[in-house]
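Undergrad: Spelled out from the first residue to the last, the chains are:
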Amino acid sequence: MRLADWTEIGRMDELGRMDSPVHRLDPRAKVLVSLVFIVLVMSFPRYEISALVPFLFYPVGLIALARIPMRHIMKKMLIAAPFALLIGLVNPLFDRQPMCSVGPLELSGGWVSFISILFRFVLTVSAALALVAGTGMYRLGAGLERLGLPRVFAMQLLFLYRYLFVISDEAARIMRGVRLRSVGSGALGLRVYGSLVGQLLLRSMDRADRIYQAMVARGFDGEIRLLQQSVPGWCDAVFAGCSLILLGAARVWNLSDLLGIWLAGGVS
Amino acid sequence: MHMADALLSPAVGGTLWAVSGGLIAFCARKVKQTMQDHLVPLMGVMGAFVFAGQMINFSIPGTGSSGHLCGGLMLAILLGPWAAFLVIASILTIQSLFFADGGVLALGCNIFNMGFLPVFVAYPLYKLITKGRHGSPLAWAASIVSAVIGLVLGAFGVVLETTASGISELPFGSFVLVMLPIHLAIGLVEGLATATVVSFVFRARPEILQAEPEAGIRIRPILVGLAVAALVIGGAFSWFASTHPDGLEWSVVRVSGSEEVAGSNAEIHQHLAGFQRKVAFLPDYGFKAGEAEEEACDAWPSVSAGATVSGLVGGSLTLGLVVLTGLALRLRPVRQAK
Amino acid sequence: MSIPAVAVYDLSYAYPDGTEALRGITFTVEPGLAVALVGANGAGKSTLLQHLNGGLFNARQGEVRIGETVVSRKSVSLVRHAVGMVFQDSDDQLFMPTVAEDVAFGPLNAGLSSEEVERRVESALERVGMTQVRERPPYRLSAGEKRAVAIASVLAMEPEVLVMDEPSANLDPRARRRLIELLRSFGHTRIIATHDLELAVEVCSRVIVLDEGRVVADGPMVGILNDEALMEEHGLERPHILRHMHPHT
Ligand SMILES: Nc1ncnc2c1ncn2[C@@H]1O[C@H](COP(=O)(O)OP(=O)(O)O)[C@@H](O)[C@H]1O
Ligand SMILES: [Mg+2]
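Protein chains in written order, with my numbering: chain Y, 13 to 280; chain Z, 100 to 437; chain X, 43 to 291.
One chain only, chain Y, in its complex shape:
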């Protein structure tokens, strides 16, 4: 976790608190559609590319409607890419069966499946990022809880999110103190490391204790209650219904192919 990562979380958090048609949708509708989207995308055979293209409409639509800067999502995808890229790049090495040719260029099965892996990566990652940036962690957590996520889990997830910045500020303070007193690189000897992280740990536990005191002082009895959330409206139903139908259609029919065939038929 580097400092840049923290600003990233902050940025996502800001995006999640904006106001847009996407943000106003019920989180449960968005979660449901996004899950279906991801499963459908992953369910394609591994040499599929063209049928995946229409699926781009979903994340791109969400991102555009939610006014999330496309650049931001792209940057995050680039950072997350290496592992999928690395494993995917092995495919062209092992699978050299020629599969299709584009003009003079002959593509092996490995390259096709590699491109397909990249495509899936772009689709699923952008959909997940769009979901978070277009919903916000709090609404997402509350929505998941209403979808049946165990309450204890949902609540400590929200606590984790709430205290991320507080604890990381403390960690940053500790590190500043160390840097002021030491010369050379940031990496520490094991002994110093143990006492710094240990101190951070003890402070965190003390804080948890004070938070618990504060909760008890306001009548906490083991059950955390949230404010009444809005009920899903027809907007949410329309969004979920249309998205699911369109996604289903794109899974059943290769829409790109159909478009190509239709165009070719029209021309000839």
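Hint data in this document are derived by calculation from the structure and do not stem from the laboratory. Computed from a predicted structure; not experimentally measured. Even for Gly, the Cβ is constructed at its ideal location relative to N, Cα and C. There could be a bad hint or two in this list.
Some but not every residue of chain Y turned toward chain X, in silico, with C-beta under 10 angstroms [unchecked claim]:
1. 25
2. 235
3. 244
4. 247
With a Cα cut of at most 25 angstroms, we get these calculated SDA-like pairs of lysine to any residue [what the hints assert, rightly or not]:
5. 230/Z - 153/Z
6. 230/Z - 124/Z
7. 88/Y - 230/Z
8. 87/Y - 420/Z
9. 129/Z - 228/Y
10. 129/Z - 230/Z
11. 230/Z - 207/Y
12. 88/Y - 428/Z
13. 230/Z - 240/Z
14. 116/X - 233/Y
15. 116/X - 105/X
16. 131/Z - 98/X
17. 88/Y - 301/Z
Given chain Y, work out where chains Z and X with the ligands should sit, using these hints.
TA: Here is chains Z and X with the ligands on its own, set in the frame of chain Y:
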């Protein structure tokens, strides 16, 4: 190492989602049952601590590089297994949602690999060895051994899940050969970091570690859980194996006349494959994806050039449409945010 | 004479590690009065405040009464609704994901209807002038806003007694000024632990000086704070502001 969506088939991802989801529900009930109200804020703050603690690095003795705490074993030592599992699951959830580390479909796998294995396999081992003597040389050894075992098992999980999904072409054996040494090293670092921090805490505030988080875990339910998980996963595996007995490997050999196709790279492949035949307990079994793919495989050679071209043209056009739609949606007048 | 809003009789308390934080504290506070609790670090102020809110009652000696209620294991939830506690670090107190959820936390625990909860959230936020940050997450607020919201989260429980631990710590001058005005405007019984003697002078009419877990002085603000010998003996400093306020200096 985070398992990634792009390498995962829905069946494998779904199976592990179900396993991890069940574990979350189970652990949540356990935490609720212990009626330790203070645990919920403590869990949240400890999750934040693990995130924040990763800002602090130490130089790994004998190498030029530096490492930090991942925290799985540490959380189990401090919070007990049930709560620790939930905290790790939420850390991974945040990572997948905010950093696209892994991804949503792969979250189940990641929770299993990095939550279940360290907490319910490595931690009991740690407890068994240390018997509460934190800070002793024995505890150092225990923490290193169990961290290594937890991480190596996790890496093994990644390999199994990837292979079972059949999206990646990477042979099982060579994947294992790549992953295991890396995770052996990461495990060493993790064990060292955990032991250092735990012994600091033990010296400063021994009562934190002495207060056993809960009655302790009984080994039997965990073994039962492991067995069930193994059965479920094994079942999923054998289902794949049976729907797809030979996989692509065979067809590649048949179609391309095998070894001659590839030049120098094939040598590596052969080498690795040979080694793997000696090492791996599973032969290089092409657990490839489901039926849909089988059709596609069979269909491919007979696909006419026209279909490929239409796919290409249609695909590019669709892509263009996507871009246009995105731009159009964005050009709407900005409504003032509140 | 009316029943005191808060009454403490011979209260002693030692932490589990053996630290004797309170040694025989006795005082009463009349309803509607504002009392400052001053004393050097470690004098026992925070520990005392926790007792008033129904904390730490396990290992204590002596008696604490809130109105007619004796604080005990049975009455503790009643006491927690009657005494609102504002903690020293607002980050500890604002633990919910949004300001509105945080202010609603107490009323929801009290089992109020959702309309009543909504009314209380709205009026508490209005009282402290923070309606505009309603949907914001607490960590996005300034220190002054955090403090105001923390006070709102306590006001929403409509307590009779407000107990505050160093409310002006970490505030910039303007936020501190607004806090003072806010505290002056309340009609609740207020017990405020503070190092900020100027705030104490402006808000409170009476002061209790603690040292090493004992009450060493208790009386009208101006008289005690002007007693330079007493103040110095207990690690305090006579506030500057009094030099202009008191005719005999
Ligand atoms: N949780 C605790 N465990 C043990 N001792 C404590 C604890 N909290 C406070 N103390 C001790 O109790 C005494 C009173 O502390 P406190 O009430 O916080 O003082 P103040 O708020 O006036 O600075 C101090 O000596 C302090 O060290
Ligand atoms: Mg104090």
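Undergrad: Are the hints correct? Go through all of them and say.
TA: Hints, one by one, checked against the model:
A distance limit of 10 angstroms between C-beta atoms decides the matter here; for residue 25/Y the minimum to chain X is near 7 angstroms, and the interface restraint holds. Among the interface hints, the one on residue 235/Y holds; its C-beta lies about 8 angstroms from the nearest C-beta in chain X, closer than the 10 angstroms criterion. A distance limit of 10 angstroms between C-beta atoms decides the matter here; for residue 244/Y the minimum to chain X is near 18 angstroms, and the interface restraint is violated. Of the supplied interface hints, the one on residue 247/Y is violated, with its beta-carbon coming no nearer than about 19 angstroms to a beta-carbon of chain X, more than 10 angstroms.
With a C-alpha separation of about 28 angstroms, the suggested pairing of residue 230/Z with residue 153/Z is violated against the 25 angstroms cut-off. Proposed proximity of residue 230/Z and residue 124/Z is contradicted: the alpha carbons are some 29 angstroms apart, above 25 angstroms. For the proposed pair residue 88/Y and residue 230/Z, the alpha carbon gap of about 44 angstroms is over 25 angstroms, so the pair is violated. Under the criterion of a C-alpha separation no larger than 25 angstroms, the hint pairing residue 87/Y with residue 420/Z is consistent with the structure, at around 22 angstroms.
Restraint check: the Cα-Cα separation between residue 129/Z and residue 228/Y comes to about 22 angstroms, which is no more than 25 angstroms; the hinted pair holds. Using a Cα cut-off of 25 angstroms, the hinted pair residue 129/Z and residue 230/Z holds, with the two alpha carbons roughly 23 angstroms apart. Only pairs whose Cα atoms come within 25 angstroms are accepted, and residue 230/Z paired with residue 207/Y is accepted, the gap being roughly 23 angstroms. Note on residue 88/Y and residue 428/Z: the hinted pairing holds, with a Cα-Cα distance of about 22 angstroms set against a maximum of 25 angstroms.
Restraint check: the Cα-Cα separation between residue 230/Z and residue 240/Z comes to about 13 angstroms, which is no more than 25 angstroms; the hinted pair holds. As the CA atoms of residue 116/X and residue 233/Y are separated by approximately 14 angstroms, the hinted pair is consistent with the 25 angstroms bound. For the hint linking residue 116/X to residue 105/X, the alpha-carbon distance of about 14 angstroms falls within 25 angstroms, and the restraint holds. With a C-alpha separation of about 24 angstroms, the suggested pair residue 131/Z and residue 98/X falls inside the 25 angstroms cut-off, and the hint holds.
Restraint check for residue 88/Y and residue 301/Z: not satisfied, since their Cα atoms lie roughly 39 angstroms apart, outside the 25 angstroms limit.
Hints 3, 4, 5, 6, 7, 17 from the list above are not met by this structure, while the remaining hints are.
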